[in-house]
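Got chain A sorted already, so can you dock chains B and C onto it with the hints?
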Amino acid sequence: MVSFKKRLKLNSLIYLGLLLSGLFFNNLALAEDVNLTWVQLSNEQRQVLNTLASEWDTLRPWQREKMLDIARDYPKMNPSKQELVQKRLGNWSRMTPYERENARKKHQQFQSLSAEKKNELRKKWMEYRGLSEVERAKLRGESPDTYTDADLN
Amino acid sequence: MLNTNENHKNKMNAEVDPSFSVENQLSDADVAHYVVDLLDDHAQHLTAVTAKRLLVARNLAVSRLADSQAVQSSGHTLVWFGGQLERHRTMSTAITLGAILLAFYAAQQFGLNANLEEGDAFLLASDLPPEAYADKGFDTWLVSKSD
Amino acid sequence: MATAKELSDFLTAVERRAFKQTTYAVRDDHAALDIVQDAMMKLATKYADKPVEEFPMLFQRILQNTMRDYWRRQKVRNLWTTLLSSFGGSAETGDERDPLETIDVEDDSDQPHAQLERSQTIQLIELAIQKLPARQREAFVLRYWEDMDVAETAKIMGCSDGSVKTHCSRAVHALALTLKKQGLDKLGISSSMPMNKGLKS
Numbered sequence: 633m634v635s636f637k638k639r640l641k642l643n644s645l646i647y648l649g650l651l652l653s654g655l656f657f658n659n660l661a662l663a664e665d666v667n668l669t670w671v672q673l674s675n676e677q678r679q680v681l682n683t684l685a686s687e688w689d690t691l692r693p694w695q696r697e698k699m700l701d702i703a704r705d706y707p708k709m710n711p712s713k714q715e716l717v718q719k720r721l722g723n724w725s726r727m728t729p730y731e732r733e734n735a736r737k738k739h740q741q742f743q744s745l746s747a748e749k750k751n752e753l754r755k756k757w758m759e760y761r762g763l764s765e766v767e768r769a770k771l772r773g774e775s776p777d778t779y780t781d782a783d784l785n
Numbered sequence: 013m014l015n016t017n018e019n020h021k022n023k024m025n026a027e028v029d030p031s032f033s034v035e036n037q038l039s040d041a042d043v044a045h046y047v048v049d050l051l052d053d054h055a056q057h058l059t060a061v062t063a064k065r066l067l068v069a070r071n072l073a074v075s076r077l078a079d080s081q082a083v084q085s086s087g088h089t090l091v092w093f094g095g096q097l098e099r100h101r102t103m104s105t106a107i108t109l110g111a112i113l114l115a116f117y118a119a120q121q122f123g124l125n126a127n128l129e130e131g132d133a134f135l136l137a138s139d140l141p142p143e144a145y146a147d148k149g150f151d152t153w154l155v156s157k158s159d
Numbered sequence: 025m026a027t028a029k030e031l032s033d034f035l036t037a038v039e040r041r042a043f044k045q046t047t048y049a050v051r052d053d054h055a056a057l058d059i060v061q062d063a064m065m066k067l068a069t070k071y072a073d074k075p076v077e078e079f080p081m082l083f084q085r086i087l088q089n090t091m092r093d094y095w096r097r098q099k100v101r102n103l104w105t106t107l108l109s110s111f112g113g114s115a116e117t118g119d120e121r122d123p124l125e126t127i128d129v130e131d132d133s134d135q136p137h138a139q140l141e142r143s144q145t146i147q148l149i150e151l152a153i154q155k156l157p158a159r160q161r162e163a164f165v166l167r168y169w170e171d172m173d174v175a176e177t178a179k180i181m182g183c184s185d186g187s188v189k190t191h192c193s194r195a196v197h198a199l200a201l202t203l204k205k206q207g208l209d210k211l212g213i214s215s216s217m218p219m220n221k222g223l224k225s
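Protein chains in written order, with our numbering: chain A, 633 to 785; chain B, 13 to 159; chain C, 25 to 225.
Keep in mind that the hints are not guaranteed to be accurate.
[As the list claims (entries may be wrong)] Listed next, the in silico BS3-like pairs over lysine-lysine satisfying Cα-Cα at most 27 angstroms (straight line):
1) K708(A) with K698(A)
2) K70(C) with K641(A)
3) K189(C) with K148(B)
Quick caveat, the hints were computed from the structure, so don't treat them as lab data.
Only chain A is shown next, with the shape it has when bound in the complex:
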C-alpha cells in the first residue's frame, strides 16, 4: 500500500513531467533544427538568415534557436518589416548575449508605450545619433549600470 505522501509526490512528478514536455513539445520541431549545419537548413530559412551564412556553423545551439525563431516569424511580416529585419540582423548577431537580453527587455517596455511616445523616442534616438562617437562613449561610461569587462567577472 503506497502512502499518501508518496502517491502525491508521484502524481506531482508525473504532472510536472507532462507539463514540461508539453512546453517542449511545442518547440520540438525547432529544437531539432538547431543541430543542423547551414547547408542542411531549408531554403526559406537560409533566405531569411542569409546574413549569417558564414558564421552559422560557429554559433552555439541556443544562439541558433533564437535565429531560427526569427526565420519562423519572418514570413508573417509585411515586406517593409522584412527589410528591416534583413538590415539589422547582422548587427544583432554581433551583440553580446547580455546586450541582447537587455534589448529584449527594453523592447518589451517600448511596446507598451503609446504611439505618440514611441514617435518621441524615435526622434530622440535620431538626435542622440547626431552626437559624436566620443560623446556617446562618454555617456555610456557614465551610466551607473554600465558593466565593464572587469565587472562581469
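Showing chains B and C alone in chain A's frame:
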C-alpha cells in the same frame, strides 16, 4: 569566527592602495571605517513606521519558520487525510489525469502565445534599431535631457 | 537547523542596515521594505534547514538577488515612461518621480552645530553611496559594512577576488572624494568623527 575591530582593520589595511599617501590623508581603511560607522549609526534612526514594518515582516518570517517546523514534527494530520483519499483511489487518479491533460493543453496554448509576441524578429522590425535598446549611453543622455 | 529564536535574533540584528542598504540600491523606501520583507521570508522558508552561522551570507545573497530582480523589472520602465512623460507633459505616470527625489532630507534646523555637521555629512555620504556604480556599492557594503572577507564577497557577487578588490578600492576612493569636499580628509578631524564602537552586532 568573531570579527573584532583588530581583525577588521587588519583585513582592510592589507588592501590599502600604496599610492595613497598616509601623511596628511586618511587611508583607504580609515575612510571605509569612518563611512561605515556613520552608516551604521544612521541606520539605527529609522522612522517609527519603517521600524514597525520591519518588525512585522520579521515576525511573519519567524512564525512561518515556526509553523513549518511544527508541521514536520507531527505527521498525524497527513496520515488521516491520506486514509480518506485511499478509499477514493479511482476518483483521485481520474482527477489527476484530467489535470494533466488540461495542463498539457494550456502549455500548448501558452507556448504559442508567448512566441507570437516575443520573437526577436519583432524587435528587429520595430521602430528603433536594436542598438537603441542596448545603448546605455542613450538612457544616460535621456536622463540628462530631462533635467 | 536554525530555531525560530535564532532566526528572530539574526533578523533583529540585521534588518535596519539591510533596509538602508536596499534603499541605497533601489532609491525607494516602499520598494526597499518590500524587498527586505521578501528576503526575510525567503530565508525563513527556503533555508530554514541551514545552521544559523550560514545566515549572514545567505541573507546577503538573497537580498542581492531580490534587489537585482526588482531593479531589472523596474529600471527599464521607470526610465522610458518617466522621462518621456516629462518631455510630453502628460501626467500618465502619476506618482513616478525622479528616483533622486525620494531621498529623505533630514530636518536639521534644531540641531546643535556638531550634530548639524554630522547630519550634513551623512546626507552627502548617502548620496555618494547611491551614486556609486551598482557593483562598487555591493562590494563596499559586503566587505566593509557586512564584514565579509574577500572570498565571501566574491562568492556572493559572483565575481573574482581581484574584481572585489578593484570595486572596493574604487568605491572607497569615490567616498574619500566626498569626504574631502567636506574638509574631512585630514587626520584629527572635527568632533563629528564617531567613536570606535568595538564589536559590531
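We went through each hint and held it up to the structure:
Among the hinted pairs, K708(A) with K698(A) is consistent with the structure: their alpha-carbon atoms are about 16 angstroms apart, no more than 27 angstroms. For a cut-off of 27 angstroms, the pair hint linking K70(C) to K641(A) stands: about 19 angstroms separates their Cα positions. The suggested pairing of K189(C) with K148(B) holds, with an alpha-carbon distance near 25 angstroms, which does not exceed 27 angstroms.
When the structure is compared with the earlier hints, no violation turns up for any of them.
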